[in-house]
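*Asks:* First to last, the protein sequences are chains A, B, C and D. Each residue of the first sequence is one higher than the last, beginning at 0 in numbering that gives the first Met the number 0. Each residue of the second sequence is one higher than the last, beginning at 0 in numbering that gives the first Met the number 0. Each residue of the third sequence is one higher than the last, beginning at 0 in numbering that gives the first Met the number 0. Each residue of the fourth sequence is one higher than the last, beginning at 0 in numbering that gives the first Met the number 0.
These aren't lab readings, by the way, just hints derived from the structure by calculation.
Listed below are the simulated SDA-like cross-link pairs for lysine to any residue, each with C-alpha atoms no more than 25 Å apart in a straight line:
1) D:Lys244 x C:Asp235
2) B:Lys65 x C:Asn26
3) A:Lys244 x B:Gln179
4) B:Lys81 x B:Gly12
5) B:Lys244 x A:Ile194
6) C:Lys298 x D:His190
7) C:Lys70 x B:Val61
Facing chain A, from chain D, some residues (calculated, C-beta under 10 Å):
8) Ser58
9) Val61
10) Glu63
11) Tyr91
12) Tyr116
13) Arg121
14) Arg279
15) Pro281
Glycine residues also receive a C-beta, built at the ideal position from the N, C-alpha and C atoms.
4 protein chains.
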Amino acid sequence: MTSPNIASWTINGLVTAPVTPFNENGNVNFDLFDSYAGQIKDHGIKNLFVNGTTGEALSMTVDERKSVAEKWMEVGKSRFEKIIVHVGTGNYMESMQLAKHAESIGADGIACVAPSYLIPLRMEDYVNYIAKVASAAPNTAFFLYDINFLTGINLSVTEFFKKAKSQIPTLKGLKHTSPQLDSIHRVLTDHPDMIMMMGTNDLFLEGLVLGCKTTICDSFLGHVLSNTKEAFDKGDVGRARACQKRALDLMTVRRQMELTVPGGSKAILRCLGLAVGQPRLPVAPMTESEENLLKEFLKEIGFFEWYMEKLQ
Amino acid sequence: MTSPNIASWTINGLVTAPVTPFNENGNVNFDLFDSYAGQIKDHGIKNLFVNGTTGEALSMTVDERKSVAEKWMEVGKSRFEKIIVHVGTGNYMESMQLAKHAESIGADGIACVAPSYLIPLRMEDYVNYIAKVASAAPNTAFFLYDINFLTGINLSVTEFFKKAKSQIPTLKGLKHTSPQLDSIHRVLTDHPDMIMMMGTNDLFLEGLVLGCKTTICDSFLGHVLSNTKEAFDKGDVGRARACQKRALDLMTVRRQMELTVPGGSKAILRCLGLAVGQPRLPVAPMTESEENLLKEFLKEIGFFEWYMEKLQ
Amino acid sequence: MTSPNIASWTINGLVTAPVTPFNENGNVNFDLFDSYAGQIKDHGIKNLFVNGTTGEALSMTVDERKSVAEKWMEVGKSRFEKIIVHVGTGNYMESMQLAKHAESIGADGIACVAPSYLIPLRMEDYVNYIAKVASAAPNTAFFLYDINFLTGINLSVTEFFKKAKSQIPTLKGLKHTSPQLDSIHRVLTDHPDMIMMMGTNDLFLEGLVLGCKTTICDSFLGHVLSNTKEAFDKGDVGRARACQKRALDLMTVRRQMELTVPGGSKAILRCLGLAVGQPRLPVAPMTESEENLLKEFLKEIGFFEWYMEKLQ
Amino acid sequence: MTSPNIASWTINGLVTAPVTPFNENGNVNFDLFDSYAGQIKDHGIKNLFVNGTTGEALSMTVDERKSVAEKWMEVGKSRFEKIIVHVGTGNYMESMQLAKHAESIGADGIACVAPSYLIPLRMEDYVNYIAKVASAAPNTAFFLYDINFLTGINLSVTEFFKKAKSQIPTLKGLKHTSPQLDSIHRVLTDHPDMIMMMGTNDLFLEGLVLGCKTTICDSFLGHVLSNTKEAFDKGDVGRARACQKRALDLMTVRRQMELTVPGGSKAILRCLGLAVGQPRLPVAPMTESEENLLKEFLKEIGFFEWYMEKLQ
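Can you make the complete structure from the sequences, with help from the hints?
*Replies:* This is the structure we're talking about:
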C-alpha cells in the first residue's frame with residue numbers, strides 16, 4: 000500500500016537539474032555548492048533534481064554520487080521545496096545502493112533511468128528492472144526518467160505506467176525528456192494520478208498545453224520558463240510563446256557550437272561567473288576561445304539582459 | 000515581386016490529405032471521387048491537400064497524378080475553399096511538370112517535398128531544388144512539405160525560410176510533418192508572415208499553442224480536430240486535450256496493427272463504407288481478417304460513435 | 000519455366016555503374032557517351048550497370064531513362080559483354096514501363112531497387128512488388144538491388160530469395176550494396192544458383208572471400224579492383240589487401256570532402272578530363288575551388304599514378 | 000617508452016568472452032568458474048577476454064568485477080595463454096580503478112570501451128578518455144574496444160590509432176565489434192604494428208582476409224571458428240565459408256528468437272548443460288518454454304552434432 004505521504008506528494012514550481020562543479024583536478028568542488036544553490040534560488044527555481052544527466056551522474060562513482068547527494072541535501076534543504084535524487088546507473092546493483100542511500104538521507108523523491116548499454120527490449124523486463132530499483136527506497140516517491148534519444152529505449156511509456164503502477168507502490172510520475180509529445184499526451188490522459196515533468200528546456204509550453212505539472216530545466220532559464228508558465232496560465236499564449244522563444248534561442252546557440260548537455264550548461268554557468276569547472280571526459284572541455292565565442296553568441300541573443308527578467 | 004493574390008492568400012479550417020481510390024485492378028477509381036468529396040465535406044473539412052503521402056502520390060505516374068489532380072479540382076472546386084496540389088517526386092524534372100500543370104488547372108496552392116533517395120545535404124542545394132520546382136508555377140502560392148522521418152533530411156526549417164523567402168516569391172508556408180515541435184516554434188516566431196500547417200493527426204494542440212494555423216489530417220478526424228481547435232480557442236484546454244486524445248487513440252490502434260500511412264487511412268475509410276480499395280505495393284494490402292480485427296479495435300475505442308460528433 | 004538463356008546466364012569481369020553526363024543546362028549530354036564508353040573499356044571494365052544510383056537514375060524522368068538506356072546499348076553493345084539496365088523508381092508502374100523497355104532494346108539484364116519513401120515492411124509485399132516489376136520483362140535475367148542504407152529496408156535478403164525464386168522465373172541474383180557482410184554470406188551459401196555482385200568500391204575482397212562473382216564499381220577503380228581479384232585468385236592475399244587499400248584511400252578522400260555517390264564519381268571523372276558535368280539538384284554541385292582541393296587530395300594519395308596500373 | 004614485454008606481446012589462437020555465471024539469487028556463482036573454464040578449453044579456446052559485453056560487465060558493480068577478474072585469473076592462469084580483462088564502465092574513475100586492479104592481479108592485457116551515455120563526440124576527447132584509463136595500468140598491454148552499434152560512437156578507428164599511439168605507450172590493438180569491414184581494413188593497413196581482433200561470431204573469414212589475428216567469440220563456436228581459420232590458412236576458402244556458415248546459422252537462430260548478446264550466450268551454454276543461470280535485468284531472462292524452443296532450433300541446424308567437430 001502506498002504510504003499517505005507518497006499519496007499526497009506533489010510538486011510546485013520549476014525544477015532544475017544542477018551541474019556537478021568540478022575543480023581543476025577534476026574532483027568534485029564541494030566548496031561551490033552553497034553559493035550555486037543560492038544562485039539557483041535567485042533564478043526562481045523551487046526544486047532540485049540532483050545527479051541527473053546535466054549533473055554528469057554517470058561520469059561519477061557511486062561514492063561520489065552519494066557525497067554529492069548529501070551535499071545538495073545540506074545546502075538545499077532549507078532553500079528548496081523538493082529535492083529529487085536521480086539514481087540511474089548501468090545496473091540495478093548500484094542503482095539500488097543509491098536509492099537506499101537517497102532514502103536514508105531524506106530525499107523527497109528518487110528517479111531512475113534504465114541502462115543505455117544493454118537496454119531493456121521487452122516491457123516486462125523494463126518494469127521489473129525499474130521496480131527492483133524502486134524497491135530499495137520503499138518510503139520515497141519514485142519517478143521514471145525517460146530520455147529515449149540517449150538510451151535507445153523505444154518502449155511505450157503509457158504501457159510502462161499501466162504495468163508498473165501495481166508493481167511499484169511508490170510510483171508517482173515521469174521525467175519526460177524526449178521529443179515525442181504524443182507519448183506524453185497519452186501518459187497524461189491515461190494516468191491522471193501521476194505527476195508529469197517535462198525534462199527539456201524548450202518544450203515546456205507544449206507540455207503545459209497537454210497538462211504537465213512542471214519542467215526540469217537549466218537554472219539560468221528559471222525566469223524565462225516561469226514567465227512562460229505564468230503567461231500560459233493567464234491565457235496569454237502569445238506572450239508564453241515569446242517567453243519560451245528565448246529558451247529556443249539559447250538552444251540554437253548551443254547547437255551551433257555543438258555543446259553537450261552537461262558541457263553547455265557548465266559553460267553558460269561559467270559565463271555567469273560561477274566557477275563550476277569543466278565536464279569530465281569524454282565530454283568535451285571548452286577552450287578559452289570557444290568560451291569567448293559562446294559569450295559573443297549569448298550577447299547577440301540578449302541572454303545577459305533577459306535571463307533575470309521576471310514577468311510583471 | 001509577389002502577386003497580390005499570393006500576398007493575401009490565407010487558409011481557414013481543416014485540411015485533409017485524401018487517399019487515392021484504386022479499383023480491384025489497382026487503377027485509379029475516378030468514379031468514387033465525387034461521393035468521397037461529399038463525405039470529406041460532411042466530416043467538417045474545408046480544404047484539400049491532394050496527391051500527398053496519404054494519396055500515395057509517389058506510387059503513381061506523373062500522368063496519373065495529373066488526372067487525379069484534375070479530378071479533385073472537378074469534384075472539389077465548389078465544395079472546398081482551397082485545393083493544394085502536392086507535386087513532390089524523386090526529381091525536379093517531374094515536379095516542375097506537375098507544378099506547371101497544377102497552376103494550369105487553377106490549383107489554389109502547391110506543395111513540394113524533397114527527394115528521399117538522394118537527399119539534399121546542404122541548405123543551399125535544398126533551397127535551390129525547391130526554388131526550381133516553385134518557379135514552374137510562378138503565380139501559385141507555394142508550401143514546403145517537411146516530413147523528415149520519411150525523407151531523412153535534417154536541415155533546419157527556419158534556416159530554409161530565411162534563405163528561401165527572397166528566392167521563392169510565391170513561398171507562403173510549411174506543411175510540418177515531423178515530431179520536432181521546437182523546430183516549428185522557431186519557424187513560427189522567426190517567420191510570422193508564413194502560414195504554418197501541422198501535418199499530423201495527433202499533435203494539433205501542440206501546434207495550436209505554438210501558433211499553427213491549421214492541420215492536414217485524415218478526413219475522418221475532421222470533427223475530432225475541429226473540436227480540439229474550438230475548445231482551445233475558447234480557452235478550454237482540458238476539453239481540447241480530451242478531443243485530441245481521440246485522435247491519439249486512433250493512432251494507437253494503427254500502431255498496434257502496424258498500419259502504414261496510406262494503408263491505415265484507406266482501411267479506416269473502408270470500415271466507414273467507402274470502397275477506396277487497397278494501397279499499391281509495396282505498401283501492405285489488408286486481408287479480410289485483418290480488416291475485421293481493425294473494426295474490433297475501432298469499436299473498442301468508440302471510434303464509430305465519436306468520429307461524427309460535433310462540439311456543442 | 001526459366002528460359003534456357005536465362006538459366007545459362009553468367010557474367011565475367013568487373014561491372015561499372017556509369018554516371019549520366021549532363022551539359023551546362025542540366026540536360027543529358029548524349030554526345031559524351033561514346034568517348035566515355037571508350038574510357039570505361041580502357042579502365043578494364045567488361046560490363047555495364049546503367050541508370051543506377053551513380054547514374055542519377057532517380058533524378059531523371061522515365062523518358063530520359065529510356066533514352067539513356069538506348070544510348071548505352073548503342074555505344075556499349077560492341078564494347079561490353081553484358082549491359083544491365085536498372086529500372087528502380089518510386090513505384091511499380093514506372094518500373095514496369097522501364098523493364099518492358101529494357102527488354103525491348105535487348106538489355107542483357109535488368110535490376111530493380113524497391114521504393115525509398117513508402118518502403119515494404121513485410122517480406123511478402125517486398126517480393127510481390129519486385130515480382131510485378133520483373134514480370135514486365137519475362138525474357139530477361141533479373142537482379143534484386145539491395146542498398147539498405149539509402150532505402151531503409153531491413154528485410155532479410157536470403158529470405159527474399161527463398162520466397163522469390165519460385166515467383167520470379169527470371170531471378171538471377173543480387174546487387175549487394177550494404178555494409179552487412181553476414182547477410183551476403185547467408186545468401187551465397189543458401190542460394191548457390193544465384194549470381195552475387197558486390198555493389199561497393201571498398202568491400203570487394205571481403206565479397207570475394209565469401210564467393211561473390213564480381214563487383215559493380217566506379218570505372219576509374221577498374222584496374223585497382225581487377226588487380227585485387229587477380230591477386231586474391233592467385234592466393235596472394237597480402238597483395239589483394241594492398242590493391243583494395245587504394246580504393247579505400249579514394250573513399251577516405253570522398254568522405255573527407257563529404258562527396259555524394261553521384262557527385263563524387265562525376266567530380267573524379269572531371270578530374271580525369273571527362274566533361275560529365277555536375278549532378279542534378281538536390282545533389283550538391285561542386286565549385287571550382289572544391290574541385291581543385293579534390294585534385295590535391297587525389298594527388299596526395301597517388302591516384303593519378305595508380306589508377307591505370309595493371310597487375311604484372 | 001613501451002616496455003619490452005609489451006613490445007613483444009602477441010596472441011595466438013581464439014579468444015572467448017565468457018559469460019558471468021549467476022546463481023538463482025542473481026549473485027555471481029563462483030563455484031561454476033572452474034568447470035566452465037575446463038569446458039572453454041575443451042572447445043579449443045586459447046585465451047580469455049573477461050568482463051566483456053557477454054560477461055555482463057556493465058551489469059555488475061566495480062567490486063563484483065574485481066572478484067570475477069580474480070576468479071578467472073585463478074581458474075584460467077594455467078589453462079589459457081592470455082587473459083585480457085575488460086575495464087570499460089560509464090566513467091574513467093571506475094575504469095581506472097579496474098585497470099589498476101587488473102594490472103595488480105597480473106592480467107596479460109586490458110581493454111576498454113568508451114561510455115555509451117555521454118559519448119565522446121570529438122576524437123581528442125575520445126583519445127584523452129581512453130589514455131586516462133590506460134595510464135592506470137602502465138605495464139599492461141592495452142586494447143581499444145570498439146562496439147559502435149552499442150555505444151553510438153562514430154569516430155574513425157584508424158584516426159584513433161594515429162593520434163593515440165604516441166599518447167598511450169601500452170597500446171597494442173583493437174577489439175573490432177562492428178559491421179564496418181572497411182574500417183578494420185583501414186586500421187590493418189595503416190597500423191600493421193597493432194594486433195587486430197574481430198569481436199563477432201560471424202565475420203571472422205572477412206576479418207582473416209583483411210589480416211586480423213584472431214576473433215573474440217562464444218566458446219561453443221571455438222571449433223567452428225578454429226576450423227574456419229585452419230581452412231583459410233590452407234587456402235581452402237570453400238571449406239572456410241562452409242565452416243563459418245555454421246556460426247551464421249547460429250546467429251540466425253538467435254535473431255529469430257530475438258536473443259540478446261549475453262542472454263543468448265547464456266541460454267546456449269545452459270542447453271549444453273552448464274548452469275550459468277539467467278542474465279541480470281534489464282536483459283530478458285528466458286522461460287522454460289523459450290529454452291525448449293531454442294533447443295529445437297539448435298537441433299534443426301545440427302548444432303549439437305557440429306559444435307565439437309574438429310577439422311581433420
